[in-house]
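Asker: Using the hints provided, position chain B relative to the given structure of chain A.
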Amino acid sequence: MALSREEVLKVATLSRIRLADGDVERFAGQLSAILDYVDKLRRLDTDRVEPLAHALPIQNVLRPDEPRPGLAPDLALGGAPDRAGDFFKVPRVLDEDAGA
Amino acid sequence: MTITDLTACQLRDALREGRTSAREATDACLAAIERLNPTIKAFLSVDSGAARRRADEIDRSRAAREPLGLLAGIPVAVKDNMCTADGQPTTCASRILAAWRAPYDAHVVERLRAEGAVVLGKTNLDEFAMGSSTENSAFGTTRNPWDTERVPGGSSGGSAAAVAARMAPLALGSDTGGSIRQPASLCGVVGLKPTYGRVSRFGLVAFASSLDQIGPFGRTVADAALLLQATAGHDPRDSTSVSEKDQPVPDYLAHLEEPVRPLRIGVPREFFGAGLDPEVEAVVRAALAVYERLGAKLVEIGLPHSTEFAIATYYIVATSEASSNLARYDGVHYGRRSSDHSGLIDMYMRSRAQGFGDEVKRRIMLGTYALSAGYYDAYYKKALRVRRLIRRDFEEAFARCDCIMGPTSPTAAFPIGQRTAEPLAMYLSDVYTVSANLAAVPGASLPCGFTRAGLPVGLQILSDVFTEDRLLRIARMYERQAEWSGRAPPAAGGAA
Numbered sequence: 001m002a003l004s005r006e007e008v009l010k011v012a013t014l015s016r017i018r019l020a021d022g023d024v025e026r027f028a029g030q031l032s033a034i035l036d037y038v039d040k041l042r043r044l045d046t047d048r049v050e051p052l053a054h055a056l057p058i059q060n061v062l063r064p065d066e067p068r069p070g071l072a073p074d075l076a077l078g079g080a081p082d083r084a085g086d087f088f089k090v091p092r093v094l095d096e097d098a099g100a
Numbered sequence: 001m002t003i004t005d006l007t008a009c010q011l012r013d014a015l016r017e018g019r020t021s022a023r024e025a026t027d028a029c030l031a032a033i034e035r036l037n038p039t040i041k042a043f044l045s046v047d048s049g050a051a052r053r054r055a056d057e058i059d060r061s062r063a064a065r066e067p068l069g070l071l072a073g074i075p076v077a078v079k080d081n082m083c084t085a086d087g088q089p090t091t092c093a094s095r096i097l098a099a100w101r102a103p104y105d106a107h108v109v110e111r112l113r114a115e116g117a118v119v120l121g122k123t124n125l126d127e128f129a130m131g132s133s134t135e136n137s138a139f140g141t142t143r144n145p146w147d148t149e150r151v152p153g154g155s156s157g158g159s160a161a162a163v164a165a166r167m168a169p170l171a172l173g174s175d176t177g178g179s180i181r182q183p184a185s186l187c188g189v190v191g192l193k194p195t196y197g198r199v200s201r202f203g204l205v206a207f208a209s210s211l212d213q214i215g216p217f218g219r220t221v222a223d224a225a226l227l228l229q230a231t232a233g234h235d236p237r238d239s240t241s242v243s244e245k246d247q248p249v250p251d252y253l254a255h256l257e258e259p260v261r262p263l264r265i266g267v268p269r270e271f272f273g274a275g276l277d278p279e280v281e282a283v284v285r286a287a288l289a290v291y292e293r294l295g296a297k298l299v300e301i302g303l304p305h306s307t308e309f310a311i312a313t314y315y316i317v318a319t320s321e322a323s324s325n326l327a328r329y330d331g332v333h334y335g336r337r338s339s340d341h342s343g344l345i346d347m348y349m350r351s352r353a354q355g356f357g358d359e360v361k362r363r364i365m366l367g368t369y370a371l372s373a374g375y376y377d378a379y380y381k382k383a384l385r386v387r388r389l390i391r392r393d394f395e396e397a398f399a400r401c402d403c404i405m406g407p408t409s410p411t412a413a414f415p416i417g418q419r420t421a422e423p424l425a426m427y428l429s430d431v432y433t434v435s436a437n438l439a440a441v442p443g444a445s446l447p448c449g450f451t452r453a454g455l456p457v458g459l460q461i462l463s464d465v466f467t468e469d470r471l472l473r474i475a476r477m478y479e480r481q482a483e484w485s486g487r488a489p490p491a492a493g494g495a496a
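The listed protein sequences derive, respectively, from chains A and B.
According to this note's numbering, the residues represented by the first sequence are 1 to 100, in order.
According to this note's numbering, the residues represented by the second sequence are 1 to 496, in order.
Quick caveat, the hints were computed from the structure, so don't treat them as lab data.
Hints may be right or wrong, so weigh each one.
[To be verified] No farther apart than 20 Å at their CA atoms in a straight line, the calculated lysine to any residue pairs in the SDA-like style are these:
#  : chain 1 : residue 1 : chain 2 : residue 2
1  : A       : Lys10     : B       : Asp346
2  : B       : Lys361    : B       : Gly140
3  : B       : Lys245    : B       : Asp469
4  : A       : Lys89     : A       : Asp74
5  : A       : Lys10     : A       : Leu35
6  : A       : Lys89     : B       : Asp469
7  : A       : Lys40     : B       : Ala378
8  : B       : Lys297    : B       : Glu270
9  : B       : Lys361    : B       : Asp346
10 : B       : Lys361    : B       : Asn325
11 : B       : Lys381    : A       : Glu50
12 : B       : Lys361    : A       : Val24
13 : B       : Lys381    : A       : Tyr37
14 : B       : Lys361    : A       : Glu50
15 : B       : Lys297    : B       : Arg480
16 : B       : Lys381    : A       : Pro51
17 : B       : Lys381    : A       : Val49
18 : B       : Lys297    : B       : Gly140
Next comes chain A alone, as it looks inside the complex (with noise of 0.2 Å):
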């Protein structure tokens, strides 16, 4: 299963991680040898087997919907990168051209 140079540089956008130019063959080459090895699950054959998430039977759990103190702003806030009051400081997310 070889990747192409450009399936690599869809791969890593959808990761959101930037690659140099010179890494993209050499992780197209390595992501390719993994994926030929995992391949072999193809041998199995699974048609009559049901996906399994998680190996011990797990239920969803609730609580009462009752308010309880969460992180405190000032430890929530803690590690921001970039800080305005109460709020995380981050680049525009949207466009000025974009419609409202």
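Answerer: Chain B alone, transformed into the frame defined by chain A:
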């Protein structure tokens, strides 16, 4: 015998009997760390001031006859992917969290503190727990105390090395595909991965949420049992943590000396196939012979889906879960943010490119690919179907035997740099360990001998879900016959 040669249980007795103090034990560990850490690099950070203060507090409490916890005065090391809110960093051995301070303690860290342990510091790991050698740490690799040109294993290499080199009697690690058991094997210590859900993951930085588990390292089975006792149990903050109504936490120490009889040991033919080093095989088979002399019956079994197919399944499931879990490192709320971006998406892309190492990037991309439109059924869903086959392998095996045994790792510790060029070569280090995580069963590695070159070999024992008490008793049966914990690595003063 110096104080750092005492096991945690021996130290506990010495403290109770007044033969030593928590301060003395802590000072001895800190001195060992100062002497050995520059070479071994087991610890990424140490807070000696806080450790001494805590030790003094415990000594004062003991003198005032106040009630004391299970680990009172015992120094413990914590893998750096578990949150500690005391000012120490929690880096996950990643540049993306190099400056991060956790705003809360992990559940297991709260438990350590409540039981009176003295937290010495945070240990090195493969970045975000992704690796089998600790070479993927962004802050340098840990060296194996038995041969410092070799790896300690991974991803909990720092914790394993710290205990092996007698820098700390106990350490916590995490195991997603073998990351406690394999370094325990390579460093000649006991390491245990509990059943999924036995120990809370709250505050463990998530890698693969259906596979991750926190577990103990100690030099003896009793030490591992003691640390498991302190950390096991329900936590409402981890919704995958099992309820104690369904699975009460037993007393792991109370019956440790009682052998399990009769004992049927399943020996999977797949765990003794191609790729297993002949010296390692010989040492492990000698350990199995000890069990036979104790009256155990060896039963040959098949685990047809649980070696190569399990590795393939693991590198789809774990990477898929990781691609989701690591999406949070985006430079927005915490962690490293790039300074050279030209917009929001570019900020994500550069922060992550700069903050993550190659292995982390590889695994995120693999997982993203496996989950992406057009590939989801062929990769992710297919892997989950095979996961069910792996689970069935174990259900069928445990109907015929009380435990499964084999080598923990196909080789002893390998040289630093030997497997870093080919990711797959590194992945195959986990061929005997990944299936236990996929099937949720508990497993331990215990030291069972050495190669001719003086490198430790580990015996892996797997048992059915929530049978850690029996697993520990089975391990203790062997340990009573063949005590390896007394032998110290050259780095810690043992014979070369």
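Asker: Would you mind marking each hint as holding or not holding in the structure?
Answerer: Hints, one by one, checked against the model:
1. A/Lys10 x B/Asp346: Holds. Lysine 10 of chain A to aspartate 346 of chain B sits at ~15 Å (cutoff 20 Å).
2. B/Lys361 x B/Gly140: Between lysine 361 of chain B and glycine 140 of chain B the Cα gap is close to 18 Å, so the pair holds against 20 Å.
3. B/Lys245 x B/Asp469: holds (17 Å)
4. A/Lys89 x A/Asp74: Judged against 20 Å, a Cα distance of about 15 Å means the pair holds.
5. A/Lys10 x A/Leu35: It holds: about 16 Å lies between the C-alpha atoms, which stays within 20 Å.
6. A/Lys89 x B/Asp469: Between lysine 89 of chain A and aspartate 469 of chain B the Cα gap is close to 51 Å, so the pair fails against 20 Å, i.e. violated.
7. A/Lys40 x B/Ala378: holds (12 Å)
8. B/Lys297 x B/Glu270: With a Cα-Cα distance of about 19 Å, the restraint between lysine 297 of chain B and glutamate 270 of chain B holds, given a limit of 20 Å.
9. B/Lys361 x B/Asp346: Between lysine 361 of chain B and aspartate 346 of chain B the Cα gap is close to 16 Å, so the pair holds against 20 Å.
10. B/Lys361 x B/Asn325: holds (13 Å)
11. B/Lys381 x A/Glu50: Satisfied, since the Cα-Cα distance of roughly 9 Å is no more than 20 Å.
12. B/Lys361 x A/Val24: holds (12 Å)
13. B/Lys381 x A/Tyr37: holds (17 Å)
14. B/Lys361 x A/Glu50: Not satisfied, since the Cα-Cα distance of roughly 30 Å exceeds 20 Å.
15. B/Lys297 x B/Arg480: Holds, because 18 Å separates the two Cα atoms, which is no more than 20 Å.
16. B/Lys381 x A/Pro51: holds (6 Å)
17. B/Lys381 x A/Val49: Holds, at roughly 11 Å.
18. B/Lys297 x B/Gly140: violated (45 Å)
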